[in-house]
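*Asks:* Just so we're aligned: the sequence shown equals residues 44 to 301 in the numbering used here.
No lab work stands behind these hints, which were simulated from the structure alone.
Please note that the accuracy of each hint is not assured.
[Said to hold, decoys possible] Simulated restraints on C-beta separations:
# : residue 1 : residue 2 : range
1 : 74        : 230       : 30 to 36 Å
2 : 150       : 258       : 24 to 30 Å
3 : 116       : 162       : 36 to 42 Å
4 : 130       : 281       : 23 to 29 Å
5 : 237       : 118       : 38 to 44 Å
6 : 61        : 246       : 35 to 41 Å
7 : 145       : 99        : 28 to 34 Å
8 : 214       : 191       : 25 to 31 Å
9 : 47        : 116       : 38 to 44 Å
Just so it is clear, CB atoms sit at the ideal spot from N, CA and C, and this is done for glycine as well.
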Amino acid sequence: MSSRKFFVGGNWKMNGDKKSLGDLITTLNTASLNDETEVVCGAPTVYLDFARSNLDARMGVAAQNCYKVAKGAFTGEISPVMIKDCGVEWVILGHSERRHVFGESDELIGQKVAHALESGLGVIACIGEKLEEREAGTTEEVVYAQTQAIADNVKDWSKVVLAYEPVWAIGTGKTASPEQAQEVHEKLREWMRVNVSEAVADSVRIIYGGSVTGANCKELGSQNDVDGFLVGGASLKPEFVDIINALWTPHGFSLLIL
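Just need the whole structure built from these sequences, with the hints factored in.
*Replies:* Here it is as structure tokens:
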């Protein structure tokens, strides 16, 4: 059995205000959560301090983006040192919306990953293919290239969680089937085995993102190489608690990934 700790991230994206996020935080703080699952909530930049100050310490907080240097004339950007100054421990990098809405390249994402890790942040690094790429049969080619750009900039994989998010399943209501998710996760782990190391392939957590809900989380999470989720819309709802507890047995113990 694997020792990989199940990881559930909530990406709040550009949503919420102090009232609604405060209500969500209260729900999370008062819920019975599986102690064997690591939970990290990705808050909008202006609410990072608010989230970290109010969210129970058993849960982490992530920024949704950062730049590749510590400071300078980069209007509108934030740096890892600023994120850490808010008491925040994680950052989400390479999300498909950063890639395809804001035009971030694999090279830039790799540079951001390197600087965030050097600054002491944990990184949730996102990869995933668009619908036309899946239909063209180039899923592996796309996700391997994206992963290579990340891997070239990682020295300590213990601080990295890899999030596979097929773009066609993000916010669309379409979810990769458990079999589709497992297939890509398994191939990614084998890619890591060949191109990074056996040890990293066995230890790195590869999580799934793309219309994860309370209804589909148990079956998705039961797949051998699915080590958790990066959750979008459902992370703003009370069902996020059900997703965090996806692998909690009636006896209160988590099922470790085989």
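*Asks:* All hints are to be evaluated individually against the structure, with a verdict given for each.
*Replies:* For each hint, the structure was consulted:
1. 74 - 230: 30 to 36 Å: holds (35 Å)
2. 150 - 258: 24 to 30 Å: violated (38 Å)
3. 116 - 162: 36 to 42 Å: Cβ of residue 116 to Cβ of residue 162: about 19 Å, so the range 36 to 42 Å is violated.
4. 130 - 281: 23 to 29 Å: holds (25 Å)
5. 237 - 118: 38 to 44 Å: holds (42 Å)
6. 61 - 246: 35 to 41 Å: holds (38 Å)
7. 145 - 99: 28 to 34 Å: Holds, since residue 145 and residue 99 (Cβ atoms, about 32 Å apart) stay within the stated range.
8. 214 - 191: 25 to 31 Å: holds (26 Å)
9. 47 - 116: 38 to 44 Å: holds (41 Å)
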